[in-house]
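Got chain A; can you put chain B on it based on the hints?
Those sequence lines, one after another, are chains A and B. Take the first sequence: its position 61, counted from the start at 1, is 61 in UniProt numbering, and no numbers get skipped. Take the second sequence: its position 517, counted from the start at 1, is 517 in UniProt numbering, and no numbers get skipped.
Hints in this document: simulated from the structure, not taken from any laboratory. Ideal Cβ positions, reconstructed from N, Cα and C, are used throughout, including at glycine. There could be a bad hint or two in this list.
Now the stretches of chain A that chain B is said to cover, found in silico as 3 or more residues with beta-carbon under 8 Å [unchecked claim]:
#, segment
1, 10-17
2, 43-50
3, 70-79
Listed here are the chains, written in short residue letters.
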Amino acid sequence: MEALILPEILDTRYAVPFSELLKKQEGAFLLDGESVQRVGGLCFQLLVSAFATAQTLGTSFEIRNVSDEMKENLALLGGDFLLKGEGTA
Amino acid sequence: MSATEFTDDMDAIRQIFFDECDEQLALLEEELTTLSDEPEDKEKINTIFRCVHSIKGGAAAFGMEELVKFSHLFESVLDLFRSGALSVTTESIATFLKCKDVLCDIVAAFKNEGAACEVGPDIVAELERYPHSGAPEPEPSPKDVEMDDIFGMAFAPVQIKIEALVDQQFSISLRVTTEFYERGDDVRNILIALKELGTLQIEVNTDAVPLIGDISPERSYLTWNLLLATQKSRGDVEEIFEWSGDDLQATVTLIADNVTDGPASLPVAVEEKIDLQIKKPTERKESATVRVDIQRIDKLVDLIGELVINQGAIQSQMRRNKVHGDSVLGNVVTAQEQLIHELQENVITMRAYPIKTVFQKLGRVVRETARLTEKQVRLVLEGEDTEVDRSILEKLSDPLTHMLRNAIDHGIESPQARSLAGKDPEGLLRLRAFQRSGRIIVEIQDDGAGLDADRIYEKAVEKKIIERGQRLDLEEIYSLIFEPGFSTVAEVTDVSGRGVGMDVVKQSLQQINGRIFISSAKGKGTTFSISLPFTLSVIEGIIFKAEGQDFVIPVNNVLETIIFDAKKAFHVGEGKYGYPYRDGYLSVIYASDIIGTSSDGVNQKICFVVENENEEKLAFIVDKIIDHSRFVVKNLEDNYRKIACFSTATILGDGNVAFILDVEFLFGELLKKREGSLEERV
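One chain only, chain A, in its complex shape (with noise of 0.2 Å):
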């Protein structure tokens, strides 16, 4: 499965394209976070849909190559959760 690569900036801007691509990924997530400097709060609940999306559904998420600069914006946000089991950089 091909991962889906973030853009730098998941602001307002990009929820609702953010969100087309995620309904595209047939229930399993694999997002690549290397590029990624700012999480917004719509692009991080996204995440959080996909996150319960997989859960829901038994498939997987996983986020991997995080930069540190998104580990920051989804601690900020309460959003530690979604990196349980990332993968590496």
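The following block gives chain B in isolation, referenced to the frame of chain A:
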């Protein structure tokens, strides 16, 4: 989603931001212009601060660096006043107003994508003269630029209050609304700001988040429970949520003072709370307002217009087929007419805006004109909540701007001249709006030198607008200033006096069915009264017959309808005729005069007692009244050509066109010019 759709969405969000900017700037102007009345009003200063801060927050989200920088500087100075370190003075208000104008310019430049807008060094220097505001900003690391721009200085640049350096623990329940994101803000910014206050524990509640197939990406689902250990006061914590208004719902509860071992764990024991809610969770007002593209409303107005015409067609067919109004069908049609009437009124109201949207922009015009002319002027606004149809409002700004400039440049005297005349050196300019006889009246009143009738007359002769010796009453002389090319000012100034002003003003107002009247007293001042319709879309009128044709007269101008007795009409000299009315007499106008036909007068049986905005009355004689109804207005010039005695036209139920009478024409040219032929009639 295609790239085009994405761009469209972004444009829409950007447009929302600009709309919000306009709202914030209007509020800013409103608060600043009334600040001198209540300089001690803390809430006013808070509102002013919030306006600037909101603009800054949105601007940062869109990367509008110049706007962020300037609003940040402005906000830093405002914070000195908000914290009580400085008191509001006339001088500081003047500085704030200049800053507001600069903000307007920067926003306008960003609106016109790419238009350059440099902030003048003078205003920056003026702001930097305030203590602390000139302090260099901390160098932000590149990745934190947005964060620092928004929060780094906004809430802590000039912290005056000395807080006890004791940690306190606050439990914060946080919910952000969809609107919060729509206006370009992000919960991330709030959390960063809170984190800067101390140690923050964060727990997100994800229960409401739908699965990915069902989620609406722009809707907000998450809530947060936070535990903050900080040396800052409750006020400092409160401040972070303050400017977000109802878009952010936060409950802050003080859990414990004098915390030494860091924050306790979440969740907080509820029973131990000391309830110090700063803000009760406000009721959601999602249904309070909704932004709708104005074109959709315009389309709705047009469609309802067609519905009204169709309704007229049904009633016309009923009359032809002798279906009575009290029949079953007649009752249904009457009920439907009532519903359409209500629908039309409601939709037209949707398009009405308070006139303050125009008035507030004029504050700047007055300030700049006063500065250029070196005069002192105080602008007083009244009736700003008077509502006017958007289509009228859009065309009102330019004429009012020109008239205000004229009032300052030509009307209000220099401070020296005013002092010599025993007047307050500061001139008064009053802009007032109100409703009268179903129309909107806008008055521009100055307490300046007044119009010089002799000088106007001489200038009109010189410009060959009138012949020397021509007899004119005072009102007619004043009206000469509306003649093309008329100007009494010898030199062309930066402000006005180009000789192309007032005629253009009059033309602009005529395009929106507006009329202008002047009253003036030498040495005391001048009042320009503009009379405007509430809407250009519909008119309530009486349809009447004259010489076999149908016409409409606006019902607002009809004071009374009486049976006309031709024998009572009498000749009063110089081609003028009178008709007894109550204890006096009315001038008479025959409907056939407006058509340009001669009549034997046999069919003229109805007399409308017509009244204009100046409360002048006349008797208007017609053949027959057909009906009283609401008519959809069609512009004559767009569809045919301008006809002097008719303002607009309407389409009747049978498909025929009926002209709508221009009542002012009856009082103006027709009443004065009709001659001779009337003598034969009486």
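- For the segment 70-79 of chain A, does the count of residues with a C-beta closer than 8 Å to a C-beta of chain B reach 3? holds (count 6)
- Query: Has the segment 10-17 of chain A got at least three residues whose CB is nearer than 8 Å to a CB belonging to chain B?
  - Reply: Answer holds; 6 residues pass the 8 Å Cβ test.
- request: Report holds or violated for chain B covering the segment 43-50 of chain A, Cβ cut-off 8 Å, minimum 3 residues.
  value: holds (count 6)
When each numbered hint is compared with the structure, no violation occurs for any of them.
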